[in-house]
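Visitor: As a plain string of letters, each chain reads:
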Amino acid sequence: MSGGSARSLGKGSAPPGQVPEGLIRVYSMRFCPFAKRTLLVLKAKGIGHEVININLKNKPEWFFKKNPFGLVPVLENSQGQVIYESAITCEYLDEAYPGKKLLPDDPYEKACQKMVFELFSKVLTNKKTTFFGGSSLSMIDYLIWPWFEWLVALELNEYVNHTPNLKLWMEAMMKDPAVSSLFIDPKAFQGFLDLYLQNNLEACDYGL
Amino acid sequence: VTDDATRTLGKGSAPPGPVPEGLIRLYSMRFCPYAHRTRLVLQAKGIRHEVININLRNKPEWYFTKHPFGKIPVLENSKCQLIYESVIACEYLDDAYPGRKLYPCDSYERARQKMLLDLFYKVPHLTKECLIALRCGRECTDLKLALRQEFCNLEEILGYQNTVFFGGDCISMIDYLFWPWFERLDVYGIADCVNHTPALRLWIAAMKQDPTVCALLIDKNIFLGFLNLYFQNNPDAFDYGLGC
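For the protein sequence lines, the chains are H and Z, in the order given.
Under my numbering, the first sequence has 16 at position 16, and the numbering climbs by one with no breaks.
Under my numbering, the second sequence has 42 at position 42, and the numbering climbs by one with no breaks.
To be clear, the hints were calculated from the coordinates, so they are not data collected in a lab.
Possibly wrong hints are sitting among the right ones.
To be verified - Taking lysine-lysine and the DSS-like style, the derived pairs with C-alpha atoms no more than 30 Å apart in a straight line are:
| no. | chain 1 | residue 1 | chain 2 | residue 2 |
| --- | --- | --- | --- | --- |
| 1 | Z | LYS45 | H | LYS45 |
| 2 | H | LYS57 | H | LYS43 |
| 3 | H | LYS114 | H | LYS11 |
| 4 | H | LYS100 | Z | LYS101 |
| 5 | H | LYS122 | Z | LYS144 |
| 6 | Z | LYS122 | Z | LYS59 |
| 7 | H | LYS122 | Z | LYS59 |
| 8 | H | LYS114 | Z | LYS59 |
| 9 | H | LYS59 | Z | LYS59 |
| 10 | Z | LYS144 | H | LYS110 |
| 11 | Z | LYS101 | H | LYS57 |
| 12 | Z | LYS101 | H | LYS167 |
| 13 | H | LYS122 | Z | LYS122 |
| 14 | Z | LYS220 | H | LYS114 |
| 15 | H | LYS114 | Z | LYS79 |
| 16 | H | LYS122 | Z | LYS79 |
| 17 | Z | LYS59 | H | LYS65 |
| 18 | H | LYS101 | H | LYS36 |
| 19 | H | LYS101 | Z | LYS128 |
| 20 | H | LYS114 | H | LYS100 |
| 21 | H | LYS110 | Z | LYS59 |
Start from the sequences and build out the full structure, keeping to the hints where you can.
Guide: Here it is as structure tokens:
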């Protein structure tokens, strides 16, 4: 199982050949959280696979033949069958491969996981409105914000580039007076986190 | 007369009791396309069920204990388990009940049907916007154009597969998940949106031959009566066409 750290293929690259028997191929990108889902399932189930990283800023022409939407992750097996959409790829792997089942067998328990996933997806995509409660900022935005503030404090907020609506929401939130007046200084937060993870009793007072 | 021909429950109504063993209950509304999906699956699999129609403009207080936002459809079984989101409810029924499987057994074919569903996601919103525009006397050329484009994408799929139905030569889950919006094209006044998609028209004709689809076909005049009252904000809209 190699290739997870291979350079990405971009425009002008030669299309990869057929997937060897006994392996499944995943088209991925090392920092894409959606593709990470599929890699996690492949790893958790011990599925033999190869990874081809795609340059998402300079996509190869041939990649659109794999997925017309041009997104990762995409699975391709040795029979040339292609599966895309992260949740669909994960469920396909769970069904098609033996070993530990990740989705519950019980139909109700399985439905519960899907209902929770739908709610989570709504947070991620937030297609309908600028803010979670509508066209103006309200309680729900303040309730969700702290976890996204952590992303900024840890300088990980680049990752929401894949979910443009969420990125726009974060930018709008950072303009809010309440949010900006209480904004965590990244250096202070990182100092706190270092000490906290060492179980240092002074962690909570870092920077004071 | 379909088994969901009962008056809606609204504010002030008594909450229904527990679901009897051997039955599953569906909270629904006779004209809702999402609930229609679930009713199609219940019918196709011959699942014993009872339907409680909800007055969506005057929701019973107790209904929010079934769904946090009071949406339909919701399934409730005799173990008090609740399942919502129409696609999740349909899959639950296919998994939990024996007999005819609507999703294919092959994992790749199952994944294909789920990918097809993604191609459909703009259709419900566009058809609803067209309906509202037409009912409010506004023009909707752009909306219809966008809808036709979506239908072209679906047409391409049927052409590429060279099959009658979206899942192959026999009707399957994906066809039932698409159907409710196509049944409504005529009564919404946008049937001309399939003028340039012959394979899709053939699919519609084939669907109308399916016994499950037929059994649940909504009478056009009753639907129009509902729409008229609905757009006048009349809370009795949801019970239009029911006997006294």
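Visitor: Now, for every hint given, state plainly whether the structure supports it.
Guide: Results for each hint:
1. Z:LYS45 to H:LYS45: The given pair, whose Cα atoms are some 33 Å apart, is violated under the 30 Å limit.
2. H:LYS57 to H:LYS43: Holds, at about 27 Å.
3. H:LYS114 to H:LYS11: 36 Å, violated
4. H:LYS100 to Z:LYS101: Judged against 30 Å, a Cα distance of about 24 Å means the pair holds.
5. H:LYS122 to Z:LYS144: 27 Å, holds
6. Z:LYS122 to Z:LYS59: 27 Å, holds
7. H:LYS122 to Z:LYS59: Given pair LYS122 of chain H, LYS59 of chain Z holds - Cα atoms ~24 Å apart, limit 30 Å.
8. H:LYS114 to Z:LYS59: At roughly 26 Å apart (the allowed maximum being 30 Å), LYS59 of chain Z and LYS114 of chain H satisfy the hint.
9. H:LYS59 to Z:LYS59: At roughly 49 Å apart (the allowed maximum being 30 Å), LYS59 of chain Z and LYS59 of chain H break the hint.
10. Z:LYS144 to H:LYS110: Roughly 38 Å separates the two Cα atoms, so the pair is violated.
11. Z:LYS101 to H:LYS57: Judged against 30 Å, a Cα distance of about 42 Å means the pair is violated.
12. Z:LYS101 to H:LYS167: 41 Å, violated
13. H:LYS122 to Z:LYS122: Holds, at about 16 Å.
14. Z:LYS220 to H:LYS114: With Cα atoms ~35 Å apart, LYS220 of chain Z and LYS114 of chain H exceed 30 Å; violated.
15. H:LYS114 to Z:LYS79: 19 Å, holds
16. H:LYS122 to Z:LYS79: Holds. LYS122 of chain H to LYS79 of chain Z sits at ~28 Å (cutoff 30 Å).
17. Z:LYS59 to H:LYS65: 48 Å, violated
18. H:LYS101 to H:LYS36: At roughly 18 Å apart (the allowed maximum being 30 Å), LYS36 of chain H and LYS101 of chain H satisfy the hint.
19. H:LYS101 to Z:LYS128: 39 Å, violated
20. H:LYS114 to H:LYS100: 19 Å, holds
21. H:LYS110 to Z:LYS59: Satisfied, since the Cα-Cα distance of roughly 29 Å is no more than 30 Å.
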